[in-house]
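All chains should be modelled from the sequences, with the hints used to inform the complete structure.
Each protein sequence line maps, in turn, to chains C and P. Take 2 as the starting number for the first sequence in my numbering and just add one per residue. Take 2 as the starting number for the second sequence in my numbering and just add one per residue.
Simulated from the structure, these hints should not be mistaken for laboratory data. Since the model is a prediction, treat every value here as computed from it, not as a measurement. All clues given are correct.
A pair holds if it fits inside one copy or across any two, identical chains being indistinguishable in the list.
Below 30 Å or equal to it, Euclidean Cα-Cα: the simulated DSSO-like pairs (lysine-lysine) are:
| hint | residue 1 | residue 2 |
| --- | --- | --- |
| 1 | Lys146 | Lys86 |
| 2 | Lys480 | Lys503 |
| 3 | Lys457 | Lys471 |
| 4 | Lys480 | Lys507 |
Number of protein chains: 2
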Amino acid sequence: MPSYTAPTKDMQFVLHEVLNVTKTGIPGYDELERDFTEAVLEAAGKVASEVLAPLNVVGDTQGCVLENGVVHTPAGFDAAFAAMKEGGWTALDLDPEYGGQGMAYVMGTAVGEIFVSANMAFNMYQGLTHGAYAAIHVHGTDAQKRTYLPKMVSCDWTGTMNLTEPHAGTDLGMMRTKAEPQADGSYKITGQKIFISAGEHDLTENIIHLVLAKAPGGGEGTKGISLFIVPKFLVNDDGSLGARNAVSVGSIEEKMGIHGNSTCVMNYDGATGWLLGDLHKGMRAMFTMMNEARLGVGLQGYAVAEAAYQNAVIYARDRLQGRAVTGTENPSGPADPLIVHPDIRRNLMDQKSFLEGARAFTFWAAHLIDRSHRADDAEAEGLVSLLTPVLKGFLTDKGFETAVNAQQVYGGHGYIEEWGMSQFVRDARIAMIYEGANGVQALDLVGRKLAQDGGKHVMAFFDLVKDFIKENDSNAALKEGFLDPLKAASKDLQAAGMFFMKNGMKDPNAALAGSYDFMHLFGHVCLGLMWARMAKAAQEALDGGTSDTSFYEAKIATGRYYMARQLPMTATHLARINSGAAPVMALSADQF
Amino acid sequence: MPSYTAPTKDMQFVLHEVLNVTKTGIPGYDELERDFTEAVLEAAGKVASEVLAPLNVVGDTQGCVLENGVVHTPAGFDAAFAAMKEGGWTALDLDPEYGGQGMAYVMGTAVGEIFVSANMAFNMYQGLTHGAYAAIHVHGTDAQKRTYLPKMVSCDWTGTMNLTEPHAGTDLGMMRTKAEPQADGSYKITGQKIFISAGEHDLTENIIHLVLAKAPGGGEGTKGISLFIVPKFLVNDDGSLGARNAVSVGSIEEKMGIHGNSTCVMNYDGATGWLLGDLHKGMRAMFTMMNEARLGVGLQGYAVAEAAYQNAVIYARDRLQGRAVTGTENPSGPADPLIVHPDIRRNLMDQKSFLEGARAFTFWAAHLIDRSHRADDAEAEGLVSLLTPVLKGFLTDKGFETAVNAQQVYGGHGYIEEWGMSQFVRDARIAMIYEGANGVQALDLVGRKLAQDGGKHVMAFFDLVKDFIKENDSNAALKEGFLDPLKAASKDLQAAGMFFMKNGMKDPNAALAGSYDFMHLFGHVCLGLMWARMAKAAQEALDGGTSDTSFYEAKIATGRYYMARQLPMTATHLARINSGAAPVMALSADQF
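Here it is in structure tokens:
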């Protein structure tokens, strides 16, 4: 069975030596002293290794079972969920006014990585609650907040998000679920929603569904959509549970992975709901939490791959097969360990260099969200809004690829379910699809985010890269291995942007045909920037006489690998983008 | 449920307009007239669509079940297997002396693609028999051939290959299975083999296991290995079945995919076996059929993806979601079909341009095998030996990627097992692993095949590319879109080869660190060459006044896409190769 150990040392490095959290001046960051964050991460790591990780295979094997309208989660999930609540882990970065611990979002993100790595399907029950909490927290009335938030912060009640219908996925404007206003101010919600994660389960006494539906008078398409709170059990004025609402689970989907999470078809048969936020402004209410939700999915992409990587390393060190081409390294054994072979290392270095870059990128984005929320920094908000589709699309694509690479290290054993590597691949696959399929992320990036606020945020990003290169220009240790490749990659990104500007206006397809490549190109530049920063921090530690030279030297070597072997992808992405719309759009639909 | 239609028109195009099979002068190719091959392919396509494809999901869902030592295949597999035998499909390209139809290998390959696309797991039962047949056909005594081949040609008996042991996968030298010589000339085989595809099942009355084992006196490592025929039931002199042999199935593996094929742990407890080929030359006997076996797996890689692609196209045409950015294309409907969106097309074009290139590459390789076997052409044999690891490694990696892309077109529905797209991904995954994991293919290519016969075969390949470019230099229709990019890609491949020559001698790791990238670089150049040839053939048809302009124009447009958007990958692969061993080998094992 796979194991998992939280990479707390790598996390501490990002928090304290790359992001320098305590020196940012962001309100609430002052408590993030090294000892404090270490204690939190270690404690989370203990829960992850001892409670969550052992249930990961159980969840995959048993899945969720629907019997007489009740969904049974896999054996042990209820006890683990109770332990998570008991430890206060569900409330870490939530509002103290409703029982949360008020910690910074960047800490919630770091702890989130740990829990997702250990058991992605399990963690979704609280993850979705977090999303629903955020929507109510931002858009709810005081009464709604008082009614729902304390129970959601503690995870006594979980939350869900109901968007998709059978015929309306990305195109929510076509949805048919109706909301009819009632005399008492409530609405009757009627319709069917699909792909509802954690839609029904036996972990909590109540489930708070947030449901997009069309109320009369809103007009066509997405304009008519509003957001409603539809609890499984109605809540009495005193906070106790009242009548069962007219919402029920139709079936559980048989999925490729994340079997431990119940993905439900939900039927609303005149269920009682209350408007959340403004009438006919449901899309806006949804989108306010989109950045965080998508960041959460990007995190899933690399967090599952991190667990896969850890096991691949263990296997590569243990499994004896063949001899090193440069001479036997394990003369007393029947063969050398896999890890001596250059192509196994190539594979592991691909994984490691991606994962550490992805973590830095994600923590940085979380820190930008903190800056935007806690320090009211509009520039940080604009920047993270630009980076969100990159983070979601790039990290989930590369995360899946990384999980596949980790599986490959096992040879035939990787294909056997017993070893657990298949599950990582199957679980990681969903992150490329949900919360906006990655093609939609690319569209969001090129079609909306690039030009947002007059293109100001992408210019800010370029300045950030340029300034870093300039500031460190005299740093000989960084120049050749980091700054030069970063400069080249960033130039490719700018050239791609120029291509879109020049051609996208007369032919939008010229930009959209290259959108997916642009998302990946952007992702590589972000990870290149992260690695340049990490290398700088590591070099400073070495120059400062650290005793832990192995750790910091490994950081620099891993960064060099990324710059030398991953960053050259930007040239290929640019070449594809520059080929424009013609090759992509040449065929008629019947020529496929 | 997914559907499948054999792409007979595309196959005919490759056979008759690209490879010009009837004009090659290869013995037996004269019968491959257009009408004849069309009739064969259409008939195979009918069986595939009507009999095999409907069982694909059944096989995945039911899997194989072991009860009291008997493996039950999924419902309907026995009837379908009988239909395959009845139709003579198992004997297509086998030796007429033993009941085969003696057709060219290239035809067996084309028909094989059709059957694998329709149902990969099912087709493995006869595919493995084909491999075991080949070993006995080449290395068996006359008596062995008479005893086993007729029944294997008809698939009254199936065959298996037993190589792997729990601790010995790629490194077969460590195997422990023993063969003790008996007074009557037979051997007693004792040991455990794992990952044995079709190791036990209920489709036939007998199973002929080919087993690698160590007989006394052979020395250490792979030198001591011999190959043995171990039938499930011993065969009496009159051909009737005798006693049950001491071979049994220990368990069936729970796998990520190909559930319809029984992957068995096989226990040999003093089972009676007969030496096949020379004593202690078992590895050589295995390797004589390696090229074909690996070509067969490369074919699986793209054939499964072909089925996934076909369904993705249907879905993209049918599913209404969003509006075209350049203006509504389906004004009478609530939305436009997915296929109007540039990024969906980018995805579908990636799939299509790979699949058609892969088919041409595979048919070409099969044709080289025919040339080598039927026309005794040593150069063709050398060339296909060089290309085999490229074909296996590149086509299975890209085939898996293609299946994932096809799944992505479905959005959330792609993740639900009901739609069948997950199965294509899960099935395609194994082809990257078995018959030598793709890292081993890369090692074989760079460590052995490149330098084979003084590097003569890779030089022959370069000449082939160079000659094609030179011959068509004045062809304006090909120049910019095909010849120029092919020349650039081929130059990258040569530069990579030069890097290995210059650095590989003093440091083998410098070559091996780039081996995987070299395999992919080589694959792209092969597909680039195929596309240049296909474009030329299509252009000739158009110039000749064909009435089917849509088909040939689509070929050229699809080729242009590949050249413009896939071939630029060669530059990135070269950059990685040129970065050498240092980034790959920098860390010590404990720094991962």
